[in-house]
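A.B. asks: Residue strings, one per chain:
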Amino acid sequence: MARKPARGIATWAHAAFAAVCGFLYSGMALALEWNLQPAGSKLAEDIHDLHEYVMILCTVIFIGVFSFMFYAVYAHRKSRGHKAAQFHENTTIEILWTVIPAIILVGIAWPTTRTVVAQKDTSNPDLTIKVTGYQWKWGYDYVKGEGEGISFVSTLSTPRDQIENKAPKGEHYLLEVDNELVVPVGKKIRMLTTAGDVIHSWWVPAFGAKQDAIPGFIRDLWFRPEKTGTFRSQCVELCGKEHGFMPIVVKVVTQEEYSKWSGAQLKLIAAAADDPTKTYTMDELKKRGELVYAKNCTVCHQATGKGTPPAFPPLDGSKVVIGPKDGQIATVLNGVVKNGTPTAMVGFGKQLNDVELAAVITYTRNNWGNKTGEAIQPAEVKALRK
Amino acid sequence: MSAVVQPHGHAAGGTAAHDGHDHHDHHGGYGGVMRWITTTNHKDIGTLYLWFSFIMFMTGGAMAMAIRLELFQPGIQFFNPDLFNQFTTMHGLIMVFGAIMPAFVGFANWQIPMMIGAPDMAFARLNNWSFWLLPFAASLLIISFFTPGGAPGVGWTLYAPLTVQMGVGMDLTIFAVHLLGMSSILGSINIITTILNMRAPGMTLMRMPLFCWTWLITAYLLVAAMPVLAGAVTMSLTDRHFGTSFFNAAGGGDPVLYQHIFWFFGHPEVYIIALPAFGVVSQVIPAFSRKPLFGYASMVYATSAIAILSFIVWAHHMYTVGMPVQGQLFFMYATTLIAVPTGVKVFNWVATMWKGSLTFETPMLFAIGFLFLFTLGGFTGLVLSLVPIDIQLHDTYYVVAHFHYVMVAGALFAAFAGVYFWLPKWTGKMYDETLGKWHFWLTMIFFNMIFFVQHFLGLAGMPRRIPDYPLIFETWNKISSIGAFGFGLSQLLFLYVVLKCIRSGEKSPALPWEGADSLEWTHLPTPAPYHSFETPPVLK
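In order, the protein sequences belong to chains B and V. When you line the first sequence up against the numbering used here, it's residues 1 to 386, in that order. When you line the second sequence up against the numbering used here, it's residues 1001 to 1540, in that order.
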């Protein structure tokens, strides 16, 4: 398979198409809009080459077959006085046009098989990271390798105002997150995918890496980034209302930067570890709770606490929220299960720690029209954990 | 292929004179609406199917317009993400089960008895019931929008466990799928029985028009595949309400099991839609080439090969669920194999046109449009069958573009070709050729404007089923949306052409298409009589 020349022909064909379309973009910008994203790993590059090889093959066959058809359309038309020949069936030609495509398919399947096998080989990673899809954010846990123990949730950081057209859209509209996944360049990264609620799919096109995240099961994929930079993508399996709003952003840094980052992260985690034995004041809890609420609850229950009924009920005036505190703590910890099946209200027990839970519960019990006056302490949450 | 002994089976048949009254206009006991509710006549039922299909096509099309409207520019403008998901779901379900499938059952009803020399379908009352299940199913789908929580927003594939989070609209959809499945299975049993038992003497299987062959095979596919779908959605129903855990890992089930079951139905479904389209095109191309189909027998074998292969390739829809490498390779090899019989079909159609005496009336234009664009869709299918490339493109707009080339440029174009081809036979009147050609060219141009650019969107990385998108995708989405509005409006022209033909079309000659040679053209008057063949035609 002549890879480099093939690329040249494809580029030429693409350029010709661009000219025909009459788009006055720079070649680069246009290329980004109509072709696979620039490869950031060897695997992605193999996929690009394979795609171009197959596309060229298909284009040649397509033109070949349809030049016959269009010649017939031109030359064998009644208006030109062409009389129909009444031939039909010809064993030789029928065998040929069965066997030749089969041979071409073998020519396609052979190089493809190598890539399939390479893509599946997740052995001997340098760094293993678990990614968990939640409605609608990604949780990352560095489970093995340098930085082991780092854990964070990555959520869309594009302001709602931009989505609702109240503010001009930024450069990375819908492709920006609060916490980016950081990985070192040149290392084999193995991602374990799973999900907490429904099926999501984790994808970074630049690495040729896509794997569904399936609740209750762990699957894996690997990539080895070959250049530093920021790579952006989105969830690619319909996962409910906010499916379009859970981006994936991977920042590839040099080994030194990575060591610095992971060290700092681990220190930060140690320092910021919430003290679940401390008794917090109402103000501390409400202040912290507002932040936790904004990150985890606003999408469904809205900043106003009014929700979007009937799918997402209001918290303002909710019987659960202003009712006995144990009931609300249990709801937030374990989620709501109706008739044995989980609802969109998932349990936050695994995503949030006792302090965060105490804070957000306190916040909802003492905000909007809710005035219970109760400050929930982390110890109370801890007591109700199963 | 039909050598004629009696030039006109109906008129020449000895029974035409019985009771001294003409059966041509005899509609049974009822008039008005009751005629349509109680009818057991294959032509009436065919007409019902076709109009139902058109109404559903317009309904699903309206949802497509809403989708393209929201995607015209970045940001959320018209519909909240929840409603957007409901539109994508219902657009898919309505188009597949409400528009395309009933359209071809309509053709089957109208054409099969006439093409094989039978008086009617084998089970006339069952035929009535198969149709009348459909409006109820469609109503359930539409009503789901007005239930608390709205219609399900899970995509037409109804993947678990997202289905568990949906409101009562999901249950209505599941019941609708049950009804649609029943309708299809009953219709298929009827078609199989009719074709196997009611052919005129001398009409051997290998002399049947190819349209009958493709439908015979399709009907078997339906009987085999639809119960599997019913099983899948029923399991979702019990997971939702009765505490089962078929698709819930916490209870020992597996969400991926749903996908296996769904696609075991879903891939044959692709051919359930495509094969009758192949059949229509295989009637139209020879007629306007004034030349017999190049390889009739090899077309029959290719159709059968496609049908058999369609049952062993389902997991190519699931390369990203995390199959073992052996699984990926098996499904990849099996899938690429489908290119061989599909290629045989394309080569046959081109060889049929070769050295013909071609004219380009509207049916032929749509058939050529089909041939050209369906092949393009076939090639993108080949691209997607390759695991590494599919892993890049799975669940992006590339896939959306691919299957619309197969479903719209494939099935819908073939349906248009069929309507224009047989409308004179059905109504006895000619449609307006100029307007028909306008309809073709507008449809052709706008179709490509919508979907060709979506290949680029998919390559560049735009996921499907999102209501809002990053700024880099704006240009192609705008072009695609403009194309969609044009495409939608062009279909109103189709409605106008058909209505104009029915109301005030010029009288059609007995044989409007010089090259048409199947029984409905050679052995029946135009328009076709209410009861097709009261005595079987005799074929040499």
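Take the hints with a grain of salt, since some may be wrong.
Listed below are several chain B residues computed to face chain V (Cβ distance under 10 Å; list not exhaustive) [as the list claims (entries may be wrong)]: (1) Ile-93; (2) Lys-120; (3) Gln-162; (4) Leu-175; (5) Phe-245; (6) Ala-311.
Straight-line Cα separation of at most 20 Å, SDA-like style, residue types lysine to any residue; simulated pairs [claimed, not checked]: (7) B:Lys-188 with B:Thr-230; (8) B:Lys-169 with V:Leu-1471; (9) B:Lys-188 with V:Ala-1249; (10) B:Lys-350 with V:Gly-1322; (11) B:Lys-260 with B:Pro-111.
Hints were generated in silico from the structure; no laboratory data involved. None of these values were measured; they are calculated from a predicted model. Beta carbons are placed, not taken as given, at the ideal position from N, Cα and C, and that holds for glycine.
A.B. asks: All the hints need checking, so say for each whether the structure fits it.
C.D. replies: A quick look at each hint next to the structure:
1. Ile-93: 8 Å, holds
2. Lys-120: 4 Å, holds
3. Gln-162: Holds - the Cβ of B:Gln-162 comes within 10 Å of chain V, reaching about 7 Å at its closest.
4. Leu-175: 5 Å, holds
5. Phe-245: Hint holds; B:Phe-245 Cβ to chain V Cβ min 7 Å, cut 10 Å.
6. Ala-311: Status holds, d = 5 Å.
7. B:Lys-188 with B:Thr-230: 17 Å, holds
8. B:Lys-169 with V:Leu-1471: 8 Å, holds
9. B:Lys-188 with V:Ala-1249: Distance of about 30 Å is beyond 20 Å: violated.
10. B:Lys-350 with V:Gly-1322: Distance ~25 Å between B:Lys-350 and V:Gly-1322 Cα, so the pair is violated.
11. B:Lys-260 with B:Pro-111: 40 Å, violated
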